Amino acid sequence: QVQLVESGGGLVQAGGSLRLSCAASGSIFRLNVMGWYRQAPGKQRELVAIIISGGNGNYADSVKGRFTISRDNARNTVYLQMNSLKPEDTAVYYCTLRDRGLDYWGQGTQVTVSS
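In terms of my numbering, the sequence shown is residues 4 to 118.
Take these hints with a grain of salt, some might be off.
[To be verified] No more than 30 Å apart at the CA atoms, straight line, and that leaves these computed lysine-lysine pairs for DSSO-like: (1) 67 x 89; (2) 46 x 67; (3) 89 x 46.
[Unchecked claim] Label pairs and their computed distance ranges (CB to CB): (4) 42 x 68: 19 to 25 Å; (5) 16 x 44: 18 to 24 Å; (6) 101 x 42: 17 to 23 Å; (7) 14 x 55: 30 to 36 Å; (8) 13 x 103: 29 to 35 Å; (9) 58 x 17: 27 to 33 Å; (10) 78 x 110: 15 to 21 Å; (11) 34 x 115: 30 to 36 Å; (12) 46 x 69: 17 to 23 Å; (13) 90 x 32: 36 to 42 Å; (14) 22 x 61: 16 to 22 Å; (15) 78 x 105: 19 to 25 Å; (16) 61 x 16: 39 to 45 Å; (17) 104 x 16: 39 to 45 Å.
Simulated from the structure, these hints should not be mistaken for laboratory data.
Note that the structure is predicted; figures quoted are calculated from it, not measured.
C-beta atoms are modelled at their ideal positions from N, C-alpha and C, and glycine is treated no differently.
Please construct the entire structure, taking both the sequences and the accompanying hints into account.
In structure tokens:
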């Protein structure tokens with residue numbers, strides 16, 4: 004069974020930074036896709052960034068130039084460095100893993116950006 008455990012959310016002022024982490028455990032194939040989605044109150048869940056094993060990140064236009072996704076394959080961990088945060092980045096951030104056609108989700112971590 005695959006589990007994803009997120010950490011690093013919190014409250015930050017606009018212009019500040021946060022770093023999210025997500026560690027995956029269980030039976031995981033080395034070639035997979037990990038990433039982050041977010042869901043703001045009253046809105047649909049949206050893609051923030053994804054990264055494949057050994058590849059570069061792909062980003063939503065709204066976070067390009069501000070967020071950086073990275074991963075440590077040896078630790079099955081994905082990170083999201085968020086800089087220049089804006090109030091509109093406020094949401095619950097979910098880690099995701101796609102492995103052999105199956106999607107797994109973390110429990111979510113709250114990010115709140117005050118103006």
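Structure-based check of all given hints:
1. 67 x 89: Holds, at roughly 13 Å.
2. 46 x 67: Holds: residue 46 and residue 67 sit about 20 Å apart, inside 30 Å.
3. 89 x 46: Between residue 89 and residue 46 the Cα gap is close to 17 Å, so the pair holds against 30 Å.
4. 42 x 68: 19 to 25 Å: 22 Å, holds
5. 16 x 44: 18 to 24 Å: At 20 Å between Cβs, range holds.
6. 101 x 42: 17 to 23 Å: 18 Å, holds
7. 14 x 55: 30 to 36 Å: 32 Å, holds
8. 13 x 103: 29 to 35 Å: 33 Å, holds
9. 58 x 17: 27 to 33 Å: 31 Å, holds
10. 78 x 110: 15 to 21 Å: 19 Å, holds
11. 34 x 115: 30 to 36 Å: Holds, at about 35 Å.
12. 46 x 69: 17 to 23 Å: 19 Å, holds
13. 90 x 32: 36 to 42 Å: 38 Å, holds
14. 22 x 61: 16 to 22 Å: 19 Å Cβ-Cβ, so the 16 to 22 Å window holds.
15. 78 x 105: 19 to 25 Å: For residue 78 and residue 105 the Cβ distance comes to about 20 Å; the hint holds.
16. 61 x 16: 39 to 45 Å: 28 Å, violated
17. 104 x 16: 39 to 45 Å: Distance hint for residue 104, residue 16 holds at roughly 41 Å.
The structure fails to meet hint 16 from the earlier list, while all remaining hints are met.
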